[in-house]
Amino acid sequence: MFLINCPYCGERDQSEFSAGGEAHIERPKQPTELSDDQWAEFLFMRKNIKGIQYERWNHTHGCRKWFNMVRDTSNDKIHAVYKMGEKPPVK
Amino acid sequence: MKKYSIFALIKNAYTYHENWQKAWRDPEPKKEYDAIIIGGGGHGLATAFYLAKKHSMKNIAVVEKGWIGGGNTGRNTTIIRSNYLWDASAGLYDHALKIWEGLSQELNYNVMFSQRGVMNLAHNLQDVRDLKRRTHANRLNGIDAVWLNTNEVKKFCPIINTSPNIRYPVLGGTLQRRAGTARHDAVAWGYARGADAMGVDIIQNCEVKGIRRNGDRVEGIETTKGFIKTKKIGVVAAGHSSIIANMVDLKLPLESKPLQALVSEPVKPIIDTVVMSNAVHAYVSQSDKGELVIGAGTDAYISYTQRGSHDVVEGTLKAILELYPIFSRMKMLRQWGGIVDICPDASPIISKTHIKGLYFNCGWGTGGFKATPGSGDLFAHTIANDEPHKLNADFNINRFVSGDLVDEHGAAAVAH
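Keeping their order, the protein sequence lines are chains Y and X. For the first sequence, our numbering begins at 1218 and goes up steadily by one. For the second sequence, our numbering begins at -17 and goes up steadily by one.
Note that these hints are calculated values from the structure, not bench results. A couple of the hints might just be wrong.
[Claimed, not checked] Stretches of chain X that chain Y covers, calculated by requiring three or more beta carbons in the stretch to come under 8 Å of a beta carbon on chain Y:
no., segment
1, 74 to 88
2, 120 to 133
3, 149 to 160
4, 363 to 374
[As the list claims (entries may be wrong)] Using 25 Å as the maximum straight-line C-alpha spacing, the simulated BS3-like pairs for lysine-lysine come out as follows:
no., chain 1, residue 1, chain 2, residue 2
5, X, K233, Y, K1246
6, X, K47, Y, K1267
7, Y, K1264, Y, K1246
8, Y, K1264, X, K334
On a predicted model such as this, the values are computed, not experimentally measured, just so you know. The beta carbon of each residue, even a glycine, is placed where N, CA and C say it ideally should be.
In isolation and in its complexed conformation, chain Y is listed as follows (with noise of 0.2 Å):
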């Protein structure tokens, strides 16, 4: 449980946001030339960090504005909110 700081609305509880997962993984550009393995590491597979995290976030009872949050997973700690599109903070 914790606030998050959406760049739109300013700081919210959590259970106001839904969680979108990893940040950063492409959409392939060329979809028709994908491998299995390839389709299957950009559908399923993901690193599930325990420590500082790339993650978007969306917030659903709020604004419904999509934006990219640095957390760290093993004690819920927010490093960092960026807005989509912009470059991620450097750790």
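With chain Y held as given, fit chain X onto it using these hints.
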């Protein structure tokens, strides 16, 4: 190993129960083992037990970061059932249930397996259709399952509020009578004692730091107690499976999330079965001590904190209160979280990997406890023969590439 019996109990009473044999040794790791199991939870200890018992591999170690049974084995709500929809899952979970039925005798350790029945409630028309379909599927697979209408639900568990005027009225439910609960700690301890008696080294407080490889095969593990050589590594690390996988640059289709449970103050017997409700996400049973054991949901985000969010507990308790108004004044005593590793299809992985000698047993998500004996048995078979048993052949890692998923999400009786 000295056998537990009524005579042993009487004999030890004369010495004030101070001279019981230790249930397992506390050995230092040897230089080399034939197989090493990473993770000393129920599944890991069961794997070691069946490797020693059925595949005559005696030179085995179980390495555990903390203490045995201190992870999800000691944190779950102890529900055991096998009423899954798909054939592959039905085969897997009923295999486990059949072992549960004789487990206390097999281990000479009372795991308090109690077949008090598990009831799954339906709250809307789609629930009714899904659960009836599952009942039929179960019976075709030889698994006992019956459909109960609202009155029969009320008769089986009188404290449920079956009024048609509640937010999610009870329209019926399924019942598996062979299902029930067991004492979770006893399962870990029983398997540990049994495995230890056959020569398995259980090494606690020993964290795995790396896996040493030579080309495409494993050579051993780096631990906080030094390097241990082995040709076969079975990883049964639940929520931390991805961390072990990352050591060999293997990516798994897992996300680790906190799953919460809570218990109330102890009261006199009030509910003599297990009642689950997927739609409102509430399940409850009563422990032998008298506490209500309540399972809440998982958090929607990846976290390794073993805590979980308050809103999840709140949602579960709201549903419990509507279904059981009699519990409105109960006080909750303890709440905790366990880290569960969830696969996209909500089915486990019991599989070889592309690295020779490296095997993974993971992805049990929110419902691994019920499978403990079956999981150990089948994983031991997979490790010993380097080939899966026919019951776990469908639960390989490659299904995420081939698309042949065992899609139990929502199809099972499970609350996700």
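The hints, checked one at a time:
1. 74 to 88: violated (count 0)
2. 120 to 133: violated (count 0)
3. 149 to 160: Check failed, 0 qualifying residues.
4. 363 to 374: violated (count 0)
5. X:K233 x Y:K1246: holds, 22 Å
6. X:K47 x Y:K1267: holds, 15 Å
7. Y:K1264 x Y:K1246: Given pair K1264 (chain Y), K1246 (chain Y) holds - Cα atoms ~21 Å apart, limit 25 Å.
8. Y:K1264 x X:K334: Holds, at roughly 19 Å.
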